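The C-terminal position of the sequence shown is numbered 212 in full-length UniProt numbering, with every residue numbered one higher than the one before it.
Simulated from the structure, these hints should not be mistaken for laboratory data. Check the hints yourself; a few may be wrong.
As the list claims (entries may be wrong) - Below, computed lysine-lysine pairings styled on DSS-like, alpha-carbon distance capped at 25 Å:
#1 K169 to K109
#2 K169 to K104
#3 K163 to K104
Computed from a predicted structure; not experimentally measured.
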Amino acid sequence: MFLRRLSTSASGVLRRRRRGAKDDGVVAALRAEIAHELSSPPSSSPLSLHSQEALDFATVSDAPRAQDVLLRRRGDTEEVHVSALLAPLRFEGEEPLPRDALMKVFVSKPGVEPLLRFDCRAVAAAGGAAAGYDITALSYHAFPGDGGERKYEGPDFGDLDPKLQAALKEYLLARGVTPELATSLREHLLQKEQAQYVSWLKTLEGMFTKDH
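Given only the sequences and the hints, what does the whole structure look like? Please build it.
What follows is the structure, encoded as structure tokens:
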């Protein structure tokens, strides 16, 4: 009986060693990636959205594990909602391009339909610096989440008269949707995503080192 237990124990140690040899390569790769992320900007905690650029807005939703953020600016005669998330990664060859942020701005008046929706893109200049935002689309909806039911959505925003495009941009600026706000949102989302990625890597590391 003792020899059987000894044999079983020895087999278990051998299996753990074999498994450990394979796991060690994964653990080393995970730790290298974590170190790389922590040494690469942005590497601090996600920026607070209660910055100078967002003083007029209240944070409605910014859950640590969520990929998006929702802000609200409420006035006497209208309400502005701004939702934002990072655009998908794009590459030039094997190098990732600076990330843009996709923004949706909803402007509504109590008891008045429809509400306006602006699709915007907070763009990144060369070197990752923020360069404000562009309006990419304009539509109106009977209520938030209204899919439009194949109704006419108007022309492409870029096809509108340049003076009308400029006037609509001024309309958003007057409601606090400034280049500085877009920059703040984009930087916040970048730091938030990095924090989520590092947390995910550390969870994997813990799983692989649990039985070591």
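Each hint, compared with the structure:
A threshold of 25 Å between alpha carbons decides the hint, and for K169 with K109 the separation of about 19 Å falls inside it, so the pair holds. With a CA separation close to 14 Å, the supplied pair K169 and K104 stays within the 25 Å bound. A distance of roughly 22 Å separates the Cα atoms of K163 and K104; the hinted pair therefore holds under the 25 Å criterion.
Against the hints set out earlier in the document, no violation occurs for any number.
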